[in-house]
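A.B. asks: Following the hints, put chain B in place on chain A, whose structure we already have.
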Amino acid sequence: MLKIENLHVEVEGKPILRGIDLELPSGQVHAIMGPNGSGKSTLAHVIAGKPGYTVTQGSVTYNGKDLLALEPEQRAGEGVFLAFQYPLEIPGVNNVYMLKAALNGIRKYRGLPEMDAVQFLNLVKTKTKIVGLKESLLNRPVNQGFSGGEKKRNEVFQMSVLEPSLAVLDETDSGLDIDALRIVAEGVNQLRDPGRAFLVVTHYQRLLDYIVPDVVHVLAQGRIVKSGPRELALELEERGYDWLLPAAVA
Amino acid sequence: MATSPDIQTLISQKYDAGFVTDIEQESLPPGLGEDTVRFVSAKKGEPQWMLDWRLKAFERWQQMKEPNWAHVHYPKIDYQAISYYAAPKSSKDRPQSLDEVDPKLIETYNKLGIPLEEQKMLAGVAVDVVFDSVSIHTTFKDKLAAAGVIFCSFSEAVREHPELVKRYLGSVVPQNDNYFAALNSAVFSDGSFVYIPKNTRCPMELSTYFRMNAINTGQFERTLIIADTGSYVSYLEGCTAPQRDENQLHAAVVELIALDDAEIKYSTVQNWYPGDEEGRGGIYNFVTKRGDCRGRNSKISWTQVETGSAITWKYPSCVLKGENSVGEFYSVALANHRQQADTGTKMIHIGRNTRSTIVSKGISAGKGQNAYRGLVRIARSAEGARNYTQCDSLLMGDQCGAHTFPYIEVKNSTAKVEHEASTSKISDDQLFYLRSRGISNEDAVNLIVNGFCKQVFKELPMEFAVEAQKLLSISLEGAVG
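From first to last, the protein sequence lines are chains A and B.
Count the first sequence with the numbering used here and you get residues 1 to 250, in order.
Count the second sequence with the numbering used here and you get residues 1001 to 1481, in order.
Honestly, the hints are just simulated from the structure, not real lab data.
What you are looking at is a predicted structure, and each value in this text was computed from that prediction instead of being measured.
Quick list of simulated restraints, FRET-style, between CB atoms: (1) A:E238 <-> B:Q1399: 54 to 64 Å; (2) B:E1442 <-> A:M115: 15 to 25 Å; (3) A:E71 <-> B:V1466: 26 to 36 Å; (4) B:E1442 <-> A:V11: 25 to 35 Å; (5) A:N63 <-> B:I1106: 33 to 43 Å; (6) A:E71 <-> B:E1418: 40 to 50 Å.
Built from N, CA and C at the ideal position, the CB exists for glycine as well.
Chain A on its own, in the form it takes in the complex (with noise of 0.2 Å):
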């Protein structure tokens, strides 16, 4: 269980996130909506312990765990996974050389012992098979010269090599097509399960026609406004978040 208590946050002095509560259950999917510059993303950055943010108040525990006080790679290995908005590119590094690297990173911090070649190889063709990935894509350094596309199907197969058991998709939906979109969410689904939670960043609710949510939230200056059920979201689709917002922000 995932859960963030009055979580204030800034960057460079600037506050983003002013007193988030949210309680994200194992095996349960939770949308985030809301308007641009809202602090979606910045939510879902915390959360992995991405660098660059100063958290003035409040608490993210994950399964109990002080989440704030761990360095990302502990993170990872608490089970926590970030599918980037905007994937990197690491110019020379193997695709499937990294996710190794990954997975073994993981196993250790949790005192397993390293996957050797053979297993490794094996899983990851059966995970290739599930998201669909190209398999001339294994090989390659990791997301240079991938379309948009290939680049977040990368980024759910590295979820599936990974197996976090919570996941935060950062508008995994933006710059895909329907048919690319249809795909990822297709790969998400497959990955849904009674262990594993999913936190949901997006802007549009079509990513949510395919990824069917447990709660939608919406987030506006940087506070929740609103939470409800899956039909929040398409509400949200036909009046738009103003009639959320407060009228006057103290």
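C.D. replies: What follows is chain B alone, placed relative to chain A:
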């Protein structure tokens, strides 16, 4: 200058087999003069022609000026303060056990997974018995001899194969080529000699590492490799573990000659002592390396990974004389802390349809300064010559520097010359991306750096490549914090 009586006796002394043990007790006080050259030559038991050659080089050196055009800074070297014949230290002067050696060095050895006995040797600890190398050494010699390959110390070559040495010595790097080459030609202590006979593929990779007597050859090493018609050899220089060394200045000369259809692959992993974080100590590595593609369809390929030395100043080059000959240069140079590197290559196209490839990867970290300097010269005669140059710099932190000095001279309009250059920084976003996947900060840096160097590493022989990766990660430890 008057010659001291001691030296006189030594000069007149005849070479005998006990020579190797003899030198244990001998070394020369600092200073450089004609008598020094005579002394060194006598110590080696050299014939007159070799001594004459050295003396001529010394005469030329005296008329030359130390160059200062490189992008490196160092206090003026006092050539009179150097001892030009430092015999290997006697057991008594050496550290008696690893406890007496810099713990940092030991830590590095452990990380590289170097066996204890080998650590002792590298650290210069007095060891009575040379461990398992004896057997390696013997099998290795037999195999080479069966193939007709000559692989021996330079001194041995002067004695046993004078006709080859006479024909090729100085034919690629003339005595007066440059200041440091002239100095080396006058006072070189020893080095390696390789001859691969016609149509022979050398049955194994040759490495100075196996040739135990090549260790401690000192600061003025000389290497000469000849690949006769249709032959092939891969030569590995150096060893990935840092070597403890008291010498400040290393001025080596390497000459390679490839005749018709011959190929030489020369790989270097250089990890001399780089000095400490503040730039105290460390080796000045001023080396002249040049390959001569003398024959048609010949090929010379240089691959270097330079992580050590306080200052690296060298340009392994190819002179492409033979028609269709090929020159290659693949380089990774690292400058961390206060290290300085000014390195690159020269590709001199003379023959028709000659081709060259240059891939240079410079990594700067800490306060390191890294310069690529390269010359591509297409002579009027080099019809249809082609060159491709790629020159990438990677910066870590904000106190280091990367510099690129390409020189291109084209005198034939049918030539094609390409130059690509890039400078990048390890971005925080890349690091975060990898860390968020469960990879530690240090491993993430290593992944990115290895990715950056991949094009060069894949040119190294397999085992060397693995070692080079490890070495790079150790050399960069703590560079990004």
